[in-house]
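Residue numbering for the sequence shown follows numbering that gives the first Met the number 0, starting at 0 and increasing by one per position.
Worth flagging that the hints you see were computed from the coordinates, not collected in a lab.
Careful: at least some of the hints might be erroneous.
[As the list claims (entries may be wrong)] If you anchor each label on the Cβ, the simulated ranges turn out as follows:
| no. | residue 1 | residue 2 | range |
| --- | --- | --- | --- |
| 1 | P66 | H152 | 41 to 47 Å |
| 2 | G27 | T247 | 42 to 48 Å |
| 3 | D26 | E204 | 43 to 49 Å |
| 4 | D253 | L74 | 34 to 40 Å |
| 5 | W77 | E204 | 28 to 34 Å |
| 6 | P66 | L252 | 39 to 45 Å |
| 7 | L74 | P260 | 21 to 27 Å |
| 8 | T247 | V123 | 38 to 44 Å |
| 9 | W77 | L252 | 33 to 39 Å |
| 10 | L121 | P242 | 34 to 40 Å |
| 11 | Q59 | V123 | 16 to 22 Å |
| 12 | D26 | N81 | 15 to 21 Å |
No residue lacks a Cβ here, since even glycine has one placed at the ideal position from N, Cα and C.
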Amino acid sequence: MSNADTVIAALRAGHDTLASFVSGLGDGDLAGPSGASEWDISQVLSHLGSGAEINLATLQAALDGHPNPGRDFNLSVWDRWNAMSRRDRADGFLRSNEAATARYESLDAATREALRVDLGFLPVPVDVATAARMRLSELALHSWDVRVGSDPHATLAPDATAALLEAASGMLAWTSRPEALGGREAVLRVTTTDPDSTFTLHLAEPVSVDPAAPQTPDGTITLPAEAWLRLVAGRLAPRHTPPTVTTTGTADLDLLRDVFPGY
Numbered sequence: 000m001s002n003a004d005t006v007i008a009a010l011r012a013g014h015d016t017l018a019s020f021v022s023g024l025g026d027g028d029l030a031g032p033s034g035a036s037e038w039d040i041s042q043v044l045s046h047l048g049s050g051a052e053i054n055l056a057t058l059q060a061a062l063d064g065h066p067n068p069g070r071d072f073n074l075s076v077w078d079r080w081n082a083m084s085r086r087d088r089a090d091g092f093l094r095s096n097e098a099a100t101a102r103y104e105s106l107d108a109a110t111r112e113a114l115r116v117d118l119g120f121l122p123v124p125v126d127v128a129t130a131a132r133m134r135l136s137e138l139a140l141h142s143w144d145v146r147v148g149s150d151p152h153a154t155l156a157p158d159a160t161a162a163l164l165e166a167a168s169g170m171l172a173w174t175s176r177p178e179a180l181g182g183r184e185a186v187l188r189v190t191t192t193d194p195d196s197t198f199t200l201h202l203a204e205p206v207s208v209d210p211a212a213p214q215t216p217d218g219t220i221t222l223p224a225e226a227w228l229r230l231v232a233g234r235l236a237p238r239h240t241p242p243t244v245t246t247t248g249t250a251d252l253d254l255l256r257d258v259f260p261g262y
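Let's have the full structure, built from the sequences with the hints guiding it.
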């Protein structure tokens, strides 16, 4: 399978799993807390459903040779979803995310390879694999937000984790908060499992990752790959940290949580 094929397959698996979970939620459940501290579960589903609608319109515009629909379109979609009832948000998510997922699946091999998609917030259009991977990141992380309210030990799906692991490093300059370091700098060796990888995390201005392992790190952190993705997305609070996460030297989980406050 191509890179795009792998990501699209993970999108389908992620949708089906979350749709099954959401279909069993009652009205009281939808009002319950999620992993996103300021949103209840219905608001997370609103974010995912409106995002799927925007993502589908963006993909379709690229297929039709049209410009990105633009911010005014996005605002109109968000306003409509924000005005929905909790039940309508859940039902709307099921429809909207299914439609976006199915549209990705409908792309033939040549289109998956050649199409470039203007996401509207990047300097240049991206290939289908990248566009789908950014959608997968949203789906995987917010699926965790939905499930963790009832399961504090929830984890990210293995297929999504494998598809997102390498690409996550390129986002750290945008998603990190290096001012939390207070001028300190450190070089950490990060070792992940399931899948296995080893790389260097540079805690400095800017925060960055080197795919090669450091020769003389200041500290080490070893953790499941899905926990690494949750850490850099601000979703590895102490109560959600697996017991297999270990650190040595200057590696400090509390400091890392401050550097990666979430998005």
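Against the structure, the hints come out as follows:
Our hint of 41 to 47 Å for P66 and H152 holds, since their Cβ atoms are close to 44 Å apart. Distance hint check for G27 and T247: the Cβ-Cβ separation is about 44 Å, which falls inside the suggested range of 42 to 48 Å. Remark: the range hint 43 to 49 Å for D26 to E204 is upheld by a beta-carbon distance near 47 Å. Between D253 and L74 the beta carbons are some 37 Å apart, a value that agrees with the proposed interval 34 to 40 Å.
Distance hint for W77 and E204: a CB-CB separation of about 33 Å, consistent with the stated range 28 to 34 Å. At about 44 Å, the beta-carbon gap between P66 and L252 stays in the expected band of 39 to 45 Å. At roughly 25 Å, the beta carbons of L74 and P260 sit within the given window of 21 to 27 Å. Between T247 and V123 the CB atoms are about 40 Å apart, so this pair conforms to the stated range of 38 to 44 Å.
About 34 Å separates the C-beta atoms of W77 and L252, a value consistent with the hinted range of 33 to 39 Å. Look at L121 against P242: about 38 Å separates their beta carbons, and that is inside 34 to 40 Å. At roughly 19 Å, the beta carbons of Q59 and V123 sit within the given window of 16 to 22 Å. The given range of 15 to 21 Å is respected by D26 and N81, whose C-beta atoms sit roughly 18 Å from each other.
The structure is consistent with each of the numbered hints, conforming to all of them.
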